[in-house]
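> Heads up: the protein sequence lines correspond to chains L and Y, in order. For the first sequence, the residue numbers in this note's numbering are 190 to 300. For the second sequence, the residue numbers in this note's numbering are 102 to 215.
It is worth saying that the hints were derived from the structure and are not from the lab. Source: prediction; values computed, not measured. Incorrect hints may appear among the rest.
Listed next, the stretches of chain Y that the computed footprint assigns to chain L, with coverage defined by at least 3 CB atoms under 8 angstroms from CB atoms of chain L [what the hints assert, rightly or not]:
hint	segment
1	112-118
2	169-175
3	186-197
4	202-209
Ranges of calculated distance between the beta carbons of each label pair, as one might list FRET restraints [to be verified]:
hint	chain 1	residue 1	chain 2	residue 2	range
5	L	Gly-242	Y	Asn-185	38 to 48 angstroms
6	L	Ala-205	Y	Gly-117	28 to 38 angstroms
7	L	Asn-219	Y	Ile-161	13 to 23 angstroms
8	L	Thr-299	Y	Gln-142	18 to 28 angstroms
9	L	Asn-219	Y	Asp-155	14 to 24 angstroms
10	Y	Asn-154	L	Thr-202	46 to 56 angstroms
11	L	Arg-255	Y	Gly-117	41 to 51 angstroms
12	L	Lys-257	Y	Pro-109	41 to 51 angstroms
13	Y	Lys-171	L	Gln-297	19 to 29 angstroms
14	L	Ala-228	Y	Pro-109	30 to 40 angstroms
15	L	Met-269	Y	Arg-145	22 to 32 angstroms
16	L	Thr-282	Y	Pro-196	29 to 39 angstroms
17	Y	Asn-185	L	Thr-200	29 to 39 angstroms
Cut-off 20 angstroms, straight-line C-alpha distance, at most; resulting in silico cross-link-like pairs (SDA-like, lysine to any residue) [said to hold, decoys possible]:
hint	chain 1	residue 1	chain 2	residue 2
18	L	Lys-265	L	Met-199
19	Y	Lys-110	Y	Asn-154
20	L	Lys-265	L	Gln-191
21	L	Lys-270	Y	Lys-158
22	Y	Lys-171	Y	Lys-184
23	L	Lys-246	Y	Tyr-205
24	Y	Lys-184	Y	Val-120
25	Y	Lys-171	Y	Asp-131
26	Y	Lys-110	L	Ala-228
27	Y	Lys-115	Y	Lys-184
28	Y	Lys-110	L	Lys-265
29	L	Lys-246	Y	Glu-202
30	Y	Lys-110	L	Thr-233
31	Y	Lys-110	L	Glu-230
32	Y	Lys-158	L	Thr-289
Note that beta-carbon positions come from the ideal geometry of N, C-alpha and C, so glycine has one too.
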Amino acid sequence: GQNIDQPTEMTATEGAIVQINCTYQTSGFNGLFWYQQHAGEAPTFLSYNVLDGLEEKGRFSSFLSRSKGYSYLLLKELQMKDSASYLCAVRNTGTASKLTFGTGTRLQVTL
Amino acid sequence: DGGITQSPKYLFRKEGQNVTLSCEQNLNHDAMYWYRQDPGQGLRLIYYSQIVNDFQKGDIAEGYSVSREKKESFPLTVTSAQKNPTAFYLCASTPTSRGAETQYFGPGTRLLVL
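Can you build the whole structure from these sequences, using the hints too?
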């Protein structure tokens, strides 16, 4: 089975940097995804990590350590529109591209 | 434009009634998925299909049924056996069931029990 842990809520100030952590335990790891979800909307893809290290994409970066079962999503130069839930999802090594999602971290960006 | 559509956006169900949620994609994706999301929770997998005329149960399949008669369509029926159906239902697809491709999500259907 799989278990994924994320903080429930975080608050940060506009223009600041915030790091959202995700830890996981899985019987077979085949990639980790981060999604952004605004209230009442569908999740949208942010990043994908399958090898150790940092993936950077504009203001968003994601890091993975497979040996530690750990990932983080780093958001720089926070904007009000970044207020959303951020979902960490792990894919296993099965035959289907099934994802197991964490409960999500609700980020509130304040002035 | 290519994408995934779900209808209706809101759906009301009476006690003892079956309802069907529609999911259509024109992305030519092989694999499709149905998730349920409860308030403040992550997504939980209900059913998935890797190819036409084949589907498998996810983690919470009880009280639900699906069909995959066409590549583009993967409807979900919420049966009267599902005792707590109020939730946000999301359909997703990927190009293949292996590989690095992410899942693309439809806009979701919110189901409410009257």
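> Against each hint, give a clear statement of whether it holds in the structure.
Checked hints:
1. 112-118: violated (count 0)
2. 169-175: With 0 residues in contact (Cβ-Cβ under 8 angstroms with chain L), the coverage given for the segment 169-175 of chain Y is violated.
3. 186-197: holds (count 4)
4. 202-209: Coverage by chain L holds here, the residue count being 8 at a Cβ distance below 8 angstroms.
5. Gly-242/L / Asn-185/Y: 38 to 48 angstroms: The hinted range 38 to 48 angstroms holds for Gly-242/L and Asn-185/Y, with Cβ atoms some 42 angstroms apart.
6. Ala-205/L / Gly-117/Y: 28 to 38 angstroms: 51 angstroms, violated
7. Asn-219/L / Ile-161/Y: 13 to 23 angstroms: Because 22 angstroms falls inside the window, the suggested range holds.
8. Thr-299/L / Gln-142/Y: 18 to 28 angstroms: At roughly 24 angstroms between Cβ atoms, Gln-142/Y and Thr-299/L fall inside 18 to 28 angstroms, so the hint holds.
9. Asn-219/L / Asp-155/Y: 14 to 24 angstroms: 21 angstroms, holds
10. Asn-154/Y / Thr-202/L: 46 to 56 angstroms: Holds, since Asn-154/Y and Thr-202/L (Cβ atoms, about 53 angstroms apart) stay within the stated range.
11. Arg-255/L / Gly-117/Y: 41 to 51 angstroms: 48 angstroms, holds
12. Lys-257/L / Pro-109/Y: 41 to 51 angstroms: Once the Cβ atoms are compared, 44 angstroms apart, the range 41 to 51 angstroms for Pro-109/Y and Lys-257/L holds.
13. Lys-171/Y / Gln-297/L: 19 to 29 angstroms: Between Lys-171/Y and Gln-297/L, where Cβ atoms are some 42 angstroms apart, the hint is violated.
14. Ala-228/L / Pro-109/Y: 30 to 40 angstroms: Once the Cβ atoms are compared, 19 angstroms apart, the range 30 to 40 angstroms for Pro-109/Y and Ala-228/L is violated.
15. Met-269/L / Arg-145/Y: 22 to 32 angstroms: With Cβ atoms ~30 angstroms apart, the hint holds.
16. Thr-282/L / Pro-196/Y: 29 to 39 angstroms: Given a distance of about 19 angstroms, which is not inside 29 to 39 angstroms, the answer is violated.
17. Asn-185/Y / Thr-200/L: 29 to 39 angstroms: For Asn-185/Y and Thr-200/L the Cβ distance comes to about 31 angstroms; the hint holds.
18. Lys-265/L / Met-199/L: 15 angstroms, holds
19. Lys-110/Y / Asn-154/Y: Between Lys-110/Y and Asn-154/Y the Cα gap is close to 26 angstroms, so the pair fails against 20 angstroms, i.e. violated.
20. Lys-265/L / Gln-191/L: 30 angstroms, violated
21. Lys-270/L / Lys-158/Y: 36 angstroms, violated
22. Lys-171/Y / Lys-184/Y: 29 angstroms, violated
23. Lys-246/L / Tyr-205/Y: Roughly 19 angstroms separates the two Cα atoms, so the pair holds.
24. Lys-184/Y / Val-120/Y: Cα-Cα ~13 angstroms, so holds.
25. Lys-171/Y / Asp-131/Y: 10 angstroms, holds
26. Lys-110/Y / Ala-228/L: 14 angstroms, holds
27. Lys-115/Y / Lys-184/Y: 11 angstroms, holds
28. Lys-110/Y / Lys-265/L: 33 angstroms, violated
29. Lys-246/L / Glu-202/Y: This hinted pair holds, its Cα atoms lying about 17 angstroms apart.
30. Lys-110/Y / Thr-233/L: 18 angstroms, holds
31. Lys-110/Y / Glu-230/L: 11 angstroms, holds
32. Lys-158/Y / Thr-289/L: 14 angstroms, holds
When each numbered hint is compared with the structure, violations occur for hints 1, 2, 6, 13, 14, 16, 19, 20, 21, 22, 28.
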